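Asks: Sequence:
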Amino acid sequence: MKLLQKKLSEFNLPQIFKKKGIYSFYHSIESGQDTVVRLNGREVLMFGSNSYLGLTNHPKLKDAAQQAINKYGTGASGSRLMNGNLDL
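Taken in order, the sequence shown gives residues 24 to 111; the numbers are from my numbering.
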């Protein structure tokens, strides 16, 4: 039984796939979200983004987000039930 447990603990598919460069989950994107992103030092097309309208980097939206952060901070600091809503 100990041998089986030892072998099972060594069998880690994510680690094996990462070593081979074929692990397809949880990549670190090194740039802002856009149609093209930097991934592992290379520019690649982004097909998995929710920003299908390309609004992620729109100057007016970024400015509005910055104004909201300046006014409200970065979060509601609690549940809606206990703390209410922000007047956005």
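Hints are supplied without guarantee of correctness; some may be wrong.
What the hints assert, rightly or not - Distance condition first, Cα-Cα at most 35 Å in a straight line; then the derived DSBU-like pairs of lysine-lysine:
{"id": "1", "residue 1": "K30", "residue 2": "K43"}
{"id": "2", "residue 1": "K29", "residue 2": "K43"}
{"id": "3", "residue 1": "K41", "residue 2": "K30"}
{"id": "4", "residue 1": "K29", "residue 2": "K41"}
{"id": "5", "residue 1": "K25", "residue 2": "K41"}
{"id": "6", "residue 1": "K42", "residue 2": "K30"}
{"id": "7", "residue 1": "K83", "residue 2": "K94"}
{"id": "8", "residue 1": "K43", "residue 2": "K25"}
{"id": "9", "residue 1": "K42", "residue 2": "K29"}
{"id": "10", "residue 1": "K42", "residue 2": "K25"}
Rather than coming from a laboratory, the hints here were simulated on the basis of the structure.
These numbers come from a predicted model, not from an experiment.
Asks: Each hint: holds or not?
Replies: We went through each hint and held it up to the structure:
1. This hinted pair checks out: K30 and K43 have alpha carbons roughly 20 Å apart, not beyond 35 Å.
2. Distance hint between K29 and K43 is fulfilled; the C-alpha atoms sit about 22 Å from each other, no more than 35 Å.
3. Distance hint between K41 and K30 is fulfilled; the C-alpha atoms sit about 19 Å from each other, no more than 35 Å.
4. Between K29 and K41, the direct Cα distance comes to roughly 21 Å. Compliance with the 35 Å bound is thereby established for this hinted pair.
5. Between K25 and K41 the CA atoms are separated by roughly 27 Å; this keeps the pair inside 35 Å, and the hint holds.
6. About 18 Å separates the Cα atoms of K42 and K30, which keeps this hinted pair within 35 Å; it holds.
7. Pair hint K83 plus K94 holds up; C-alpha atoms about 17 Å apart against a cutoff of 35 Å.
8. A distance of roughly 28 Å separates the Cα atoms of K43 and K25; the hinted pair therefore holds under the 35 Å criterion.
9. With a C-alpha separation of about 20 Å, the suggested pair K42 and K29 falls inside the 35 Å cut-off, and the hint holds.
10. Only pairs whose Cα atoms come within 35 Å are accepted, and K42 paired with K25 is accepted, the gap being roughly 26 Å.
Figure legend: structure checked against the earlier numbered hints; every hint is met.
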